[in-house]
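*Asks:* Here is what each chain is made of, one letter per residue.
2 protein chains.
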Amino acid sequence: MAKQIPDIVIGRLPVYLRALVQMGQEGRQVTSSQELGERLGISAAQIRKDLSQFGEFGKQGTGYNIEFLSKQLSEILKVNRVWDVAIVGAGDIGRALAGYSGFSERGFRIAMIFDNKPELVGSEAAGFMIKDGRQLRDEIAAAGIKIAMIAVPATQAQDVVNQLVEAGVRAILSYAPVHLSVPAGVRVQNIDPSIHLQRMTYYLE
Amino acid sequence: MAKQIPDIVIGRLPVYLRALVQMGQEGRQVTSSQELGERLGISAAQIRKDLSQFGEFGKQGTGYNIEFLSKQLSEILKVNRVWDVAIVGAGDIGRALAGYSGFSERGFRIAMIFDNKPELVGSEAAGFMIKDGRQLRDEIAAAGIKIAMIAVPATQAQDVVNQLVEAGVRAILSYAPVHLSVPAGVRVQNIDPSIHLQRMTYYLE
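Line by line, the protein sequences are chains P and Z. So for the first sequence, the working numbering puts the first residue at 1298; every next one is plus one. So for the second sequence, the working numbering puts the first residue at 1298; every next one is plus one.
Hints are computed from structural coordinates only; laboratory data are not their basis. All figures in this text were calculated on a predicted structure; none of them were measured in a lab. Check before you lean on any hint, since a few could be wrong.
Put simply, identical chains are the same to the list, so a pair is met inside one copy or across any two.
Cross-link-like lysine to aspartate or glutamate pairs, in silico, EDC-like; alpha carbons within 20 Å at most [claimed, not checked]: (1) LYS1414 to GLU1436; (2) LYS1375 to GLU1335; (3) LYS1356 to GLU1332; (4) LYS1368 to GLU1502; (5) LYS1356 to ASP1456.
This is chain P alone, in the form it adopts within the complex:
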């Protein structure tokens, strides 16, 4: 059995991966924990410690090969494949997500979008035909989709999450500003801009 790696470490790997891919796009071939650390505002020791949990990726004194380490991190994070993602909620945020071109290079493909408003069902958003929210469970289960992003009002979010879990979804990214309960084995991440803003106002004069 593999050892348990703290989720806080897992949470930093996508940040490392993003920086490495960016360096690669800049034409770079080799980097170091020092340089990565300076870019990201994380100590070099922390980066070395995090990466060492997964193996030996660099040689003492020669640094990390950017392409190799990117591939390894993609594999660890299981984004060396493409995951289908369902969006629930076709309001402003749902549409922005459906039209966002940045997912495809990072392991994700928007597969379908749902809304429960009769006036939206059947109309188009970012090239998708909006599906009826009442079909959510059946359609997602039939497609075998494991990942969803929800952008519905806070009052509807828990109900949508329950349906997603029943449909077999195991990873949910929520834009609803409310804490969501899920059974063991299902992960939720929240994006709530006010939370981020409030974390910074503390430091303002």
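Position chain Z relative to chain P; hints supplied.
*Replies:* Below, chain Z alone, put in the same frame as chain P:
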């Protein structure tokens, strides 16, 4: 001089505040670190420890008064007032942010939105007239705005951030999927849905 409180603690306070406000809206008057912890998936001991850094908010055995603790946290986070916020980028995400009604109750007011595309400048987004990105520095400095959200392409993000910093902005929430450099005294938070999704795919089968 006040003692330095770890940023990771500060980062949890908005999450506590959101849960407390939600409990208040449910008509509740008192809660406990146990109950808060269960709602949020954080240990009761952690919550007590975090709050104790700021004072004595509850009585042993009687729990926390929800309204009182909410007010205290709002004050600590400096969101017992309303901060003007500028948005840079009037694409899908910028427009969604401009139209998002959830900011006002949480200490923020969208004051202006900028874009540098000539065809967008002067047109309307969520009730705002889109301002010319070339005026960004002057307008933000003149208005004394300290907080900005940016939703511009990754390639433009650092340049926009540099201009915001010159204009006096001290807290930036970025939706551009790229690491941004800022001088000491300026805070940046990133929202990148792919980062959140990749943190969850690690756990999928």
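*Asks:* Compare the structure with each hint and give your call.
*Replies:* Here is what the structure says about each hint:
When the C-alpha separation of LYS1414 and GLU1436 is checked against a cutoff of 20 Å, the pair qualifies only within one copy, where the shortest distance is 17 Å, while the shortest distance between copies is 39 Å. Proximity of LYS1375 and GLU1335 under a CA criterion of 20 Å is satisfied in neither setting, with 26 Å inside one chain copy and 30 Å between copies. For the homomeric pair LYS1356 and GLU1332, the shortest alpha-carbon distance inside one copy (15 Å) is at most 20 Å, but the shortest distance between copies (48 Å) is not. For a Cα distance limit of 20 Å, the shortest separation of LYS1368 from GLU1502 across copies, 19 Å, qualifies, whereas the shortest one inside one copy, 43 Å, does not.
In the homo-oligomer, the alpha carbons of LYS1356 and ASP1456 never lie at most 20 Å apart, since the shortest distance is 50 Å inside one protomer and 35 Å across protomers.
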